[in-house]
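Peer 1: My request is simple: use the sequences and hints to build the entire structure.
Residue numbers (my numbering): 565 to 877.
Keep in mind that the hints were calculated from the coordinates and are not lab data. Check each hint, because a few of them may be wrong.
As the list claims (entries may be wrong) - Restricting the straight-line Cα-Cα distance to at most 27 Å, the calculated cross-link-like pairs of lysine-lysine (DSS-like) are: (1) Lys834 - Lys700; (2) Lys787 - Lys773; (3) Lys773 - Lys784; (4) Lys873 - Lys745; (5) Lys784 - Lys745.
Here the structure is a predicted model, which means the values were calculated and not measured.
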Amino acid sequence: MQDLEAWAGRPADEPAWHEYRRALLATGRSDDTIYNYRHTLQLVSLSLPAGADLWTMRREDVTAFLAAGAAGDWARSSLATYSRRLRTFCLWAHRAGYADADPMTAVSPVREDVREIPVPDPAHIRALVATVATGKRFQDRRDWMIMCLLAEAGTPRATELADLPAAAPDLRHGQLRFTGKGGLERTIALGAASCRAVTLYQRSRAVHKDAGLPWLLLGKQGKMTRHGIRQMLEDRAAQAGVPRVPPHHWRHLTAHLFMEGGGSVPDAMKLFGWRTPLMASRYGGSAASARAVRHARELSIGDAILSGKARAG
Numbered sequence: 565m566q567d568l569e570a571w572a573g574r575p576a577d578e579p580a581w582h583e584y585r586r587a588l589l590a591t592g593r594s595d596d597t598i599y600n601y602r603h604t605l606q607l608v609s610l611s612l613p614a615g616a617d618l619w620t621m622r623r624e625d626v627t628a629f630l631a632a633g634a635a636g637d638w639a640r641s642s643l644a645t646y647s648r649r650l651r652t653f654c655l656w657a658h659r660a661g662y663a664d665a666d667p668m669t670a671v672s673p674v675r676e677d678v679r680e681i682p683v684p685d686p687a688h689i690r691a692l693v694a695t696v697a698t699g700k701r702f703q704d705r706r707d708w709m710i711m712c713l714l715a716e717a718g719t720p721r722a723t724e725l726a727d728l729p730a731a732a733p734d735l736r737h738g739q740l741r742f743t744g745k746g747g748l749e750r751t752i753a754l755g756a757a758s759c760r761a762v763t764l765y766q767r768s769r770a771v772h773k774d775a776g777l778p779w780l781l782l783g784k785q786g787k788m789t790r791h792g793i794r795q796m797l798e799d800r801a802a803q804a805g806v807p808r809v810p811p812h813h814w815r816h817l818t819a820h821l822f823m824e825g826g827g828s829v830p831d832a833m834k835l836f837g838w839r840t841p842l843m844a845s846r847y848g849g850s851a852a853s854a855r856a857v858r859h860a861r862e863l864s865i866g867d868a869i870l871s872g873k874a875r876a877g
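Peer 2: What follows is the structure, encoded as structure tokens:
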């Protein structure tokens, strides 16, 4: 479990962090979200000049922090993320009466470069699965189940996988039900391979030393973490001799295949836990152009117009 109370910024800012941590907990934010906010505020705290703190920092302090990050080795996406978290904190501090003003009011949002994540090669996925599908060790059956769940439409995020309750798989109805990011309830359909992988893993889990824990995934020391899932996939990729496929890239692959197969945007939003239709264009975006070209070729609109077959209205 994350230590949500530890503070590594300046001691003077620790009370501000604990107040904000309590506010985040009260709104149901996940441990990972709270950890990320703390990391951001620690960086800001350590950057502030003498006499300033998280309650009294000015616009100049914020812009200096962001400028230092831009001039350093921060990726544009990281800078945008830190800026968003800081904006959320400052707005909360002002509305809660802890800060006299919101220093982010006059600070322009950081524009984030749109980076297309390549859709993984399904052959690489099959090579990863081949490293564990026939194994009988606990780790093999666990890792195979994880890969099967990642390969289903609606791919759980790494954090969602790590937080799955032991009772989440519903094999009677062939589905996985859980509460995902942002408190959204999700239901994912499980194929035959996933149901078999879950069944075999559950049999191994039943005799595991930590079988009494409430989480589905067990690691070397109790609950398997999101970092453990990522590390497992990296290790299995090295074993298979293929490029690593992080958990989030699996989501891009399954989203692409779902949309290519005729899946609707509303259905995709339900499956993948998206709050906005814009996410449908971002996930699997690197394959979207190919989908569009293929669809256009199938329609042959130019031929239809020139041959007189096209009808408007």
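Peer 1: Does each hint hold? Answer for all of them.
Peer 2: Against the structure, the hints come out as follows:
A hinted pair counts as satisfied when its Cα atoms are at most 27 Å apart, and Lys834 with Lys700 does not qualify at roughly 34 Å. Distance hint between Lys787 and Lys773 is fulfilled; the C-alpha atoms sit about 12 Å from each other, no more than 27 Å. Proposed proximity of Lys773 and Lys784 is supported: the alpha carbons are some 10 Å apart, at most 27 Å. For the given pair, Lys873 sits about 48 Å from Lys745 by alpha-carbon distance, which is inconsistent with the 27 Å threshold.
Between Lys784 and Lys745, the direct Cα distance comes to roughly 25 Å. Compliance with the 27 Å bound is thereby established for this hinted pair.
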